[in-house]
Amino acid sequence: MQQGFSKFSWALALFCLPIALWPLALFVSPKFSDSPNLSEFQINSFSVVFWVYPFVLFALSGILHKVYQTNKPLAKRLLTFGFILFYGVFIYIVKSV
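Under full-length UniProt numbering, think of the first position of the sequence shown as 1, with each following residue one higher.
Rather than coming from a laboratory, the hints here were simulated on the basis of the structure.
Glycine included, each C-beta is placed from N, C-alpha and C at the ideal position.
Just so you know, not all the hints are guaranteed correct.
[Claimed, not checked] Quick list of the computed label-pair ranges, beta carbon to beta carbon:
#1 E40 to L74: 16 to 24 Å
#2 G62 to S39: 32 to 40 Å
#3 V48 to L78: 22 to 30 Å
#4 P73 to S29: 32 to 40 Å
Produce the complete structure using the sequences and hints provided.
Spelled out as structure tokens, the structure:
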């Protein structure tokens with residue numbers, strides 16, 4: 001019987017940590033339209049990303065947990081890819097604003 005959390009569980013929790021910042025994201029997303037550096041497409045897509053990302057992270061964490069129960073190496077690779085993708089998009093948004 002396993003005692004405590006696995007490393008994968010901690011990594012999954014860390015992956016979901018940005019969900020706690022969702023109220024801040026709702027406050028920031030209307031300010032995108034004030035930035036002269038952003039195109040109309042960027043303003044709309046960034047706003048949508050800031051409203052939707054908690055639901056996407058939550059759904060992905062559930063899927064990754066199920067995959068981890070059956071195929072641990074695949075789940076670890078997918079979680080690594082998810083980290084890279086999420087923080088890549090985040091850094092792109094921060095640099096664009």
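Results of checking the hints against the structure:
| no. | hint | verdict |
| --- | --- | --- |
| 1 | E40 to L74: 16 to 24 Å | violated, 39 Å |
| 2 | G62 to S39: 32 to 40 Å | holds, 34 Å |
| 3 | V48 to L78: 22 to 30 Å | holds, 23 Å |
| 4 | P73 to S29: 32 to 40 Å | holds, 37 Å |
The structure is inconsistent with hint 1 alone, although it conforms to all the rest.
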